[in-house]
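Asker: So the protein sequences, as listed, match chains V and W.
Using the numbering used here, count along the first sequence one by one with no gaps and you end on 601.
Using the numbering used here, count along the second sequence one by one with no gaps and you end on 550.
Derived by calculation from the structure, the hints in this document are not laboratory data.
For every residue, glycine included, the Cβ atom is placed at its ideal position computed from N, Cα and C.
Just to be clear, a hint being listed does not mean it is correct.
A short, non-exhaustive set of chain W residues, derived as facing chain V with CB atoms under 8 Å [claimed, not checked]:
1) S465
2) F467
3) P473
4) L477
5) D487
6) K489
7) K493
8) F522
9) P528
10) F540
11) Q542
12) G543
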Amino acid sequence: NAGVTQTPKFQVLKTGQSMTLQCAQDMNHNSMYWYRQDPGMGLRLIYYSASEGTTDKGEVPNGYNVSRLNKREFSLRLESAAPSQTSVYFCASSARRAGTEAFFGQGTRLTVV
Amino acid sequence: GDSVTQMEGPVTLSEEAFLTINCTYTATGYPSLFWYVQYPGEGLQLLLKATKADDKGSNKGFEATYRKETTSFHLEKGSVQVSDSAVYFCALSPPGAGGTSYGKLTFGQGTILTVHP
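Next up, chain W with everything else stripped away, as it sits in the complex:
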C-alpha cells in the first residue's frame, strides 16, 4: 500500500537558518503530494502541494519539488522564523480510483520544528 516516510525529528534551528525536511513516498502511479502544517493546539493547514512530476509547490517562503525519479518531496525554506515553529506533515493522495480516493490522505509521522531567536 501507499506510504510516506519523513526524516526523524525533532528539528531545532536558530532563526534565519536554512531548513530541509526530507520526505519520500511509496505509491503506484502519480499521486498528489502535500505538506501540511500544524501549529500548537490547532488543526492541520495546507502549506503547499504538487500534483504532477517536476511541479514545485511554494507558499510563505517554503518550497517543495515533486521528484518522481527519487520519489521525494522535500520541504525547504531559506530562512526560518520563530513563527515557523510547528509540526510539519508530508502526505499523499492517490491518483484516483473511480473517484472514491480523491482527498484520502496517507501521512508521514510528522516532524516537530522548533526555531529559537
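Isolated chain V (complex conformation):
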C-alpha cells in the first residue's frame, strides 16, 4: 500500500533553474495539497486541489505553479528557483469530508544555491 508517493527525495538546483516535483496517491482521494516545511514555521500550504480539475492558492503560492493531472497526480513546478525556496516540500491527500485527516508523502528536500 504505497499511499502518497513523492519524487524526487532530494534535489539541488541553481538559482534560476526550473523543476517539477511529482506526487501521486493511490487512496482514491479527491483532495491533494502541497506544503513547505521550514524550521520554526511548521508547514505552510502552497497550493491545493479540492477535486480533479480545480486548484487554489494557499498561504505561500508566489513562485510556484501546480497541475492536477488527474485524480491521482498533483505536481508542483518551480519556474525560476530562488534560494528562498530552499525547503522540504510535502505532498498530501485527503478525502473530502469534515474531520478527515490528511496523508503525507515522505517529502522532497530541495536546496537552491
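Once you have looked at the hints, place chain W on chain V.
Answerer: Okay, now just chain W, sitting in the frame of chain V:
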C-alpha cells in the same frame, strides 16, 4: 484567519517522564483538531484527532482533549520512551465551507521532543 500556537521547544525529557505539549488555536466555528508526528527523515503521520468539543483522541499512549472553552488541544503522555523522540505538530482543519476546505490544515510551528534513556 485560523492559527495554531504550540509551546516553545525543544523539550528534553528522561525516559518514563510525563509529557505535555501545549496547543491553542484560533478559528471560527468548530474546527477538527489533530496531532501529527514526524520521525527523523520521514513524512508526517497522524497521531490522534478530535472532531468535536470534549472529544478525546488517543493513540500509542498519547491523549489530547478538545477544549472549546479554552480553545486548546494539549498533548499528553504519562510515560515517554526513547522511541517517542520526534517532532510533534498540532493542526486544525476548518469545519468546511462548501466542501473545499476539508483536509486543508493549518499547522503550529512544531515541538521537537528528545527523550534520553
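Asker: So, for every hint listed, does it hold in this structure?
Answerer: Going through the hints against the structure:
{"no.": "1", "hint": "S465", "in the structure": "4 Å, holds"}
{"no.": "2", "hint": "F467", "in the structure": "6 Å, holds"}
{"no.": "3", "hint": "P473", "in the structure": "12 Å, violated"}
{"no.": "4", "hint": "L477", "in the structure": "4 Å, holds"}
{"no.": "5", "hint": "D487", "in the structure": "15 Å, violated"}
{"no.": "6", "hint": "K489", "in the structure": "15 Å, violated"}
{"no.": "7", "hint": "K493", "in the structure": "15 Å, violated"}
{"no.": "8", "hint": "F522", "in the structure": "6 Å, holds"}
{"no.": "9", "hint": "P528", "in the structure": "6 Å, holds"}
{"no.": "10", "hint": "F540", "in the structure": "4 Å, holds"}
{"no.": "11", "hint": "Q542", "in the structure": "5 Å, holds"}
{"no.": "12", "hint": "G543", "in the structure": "5 Å, holds"}
Taken one by one, the earlier hints fail for this structure at numbers 3, 5, 6 and 7, listed in ascending order.
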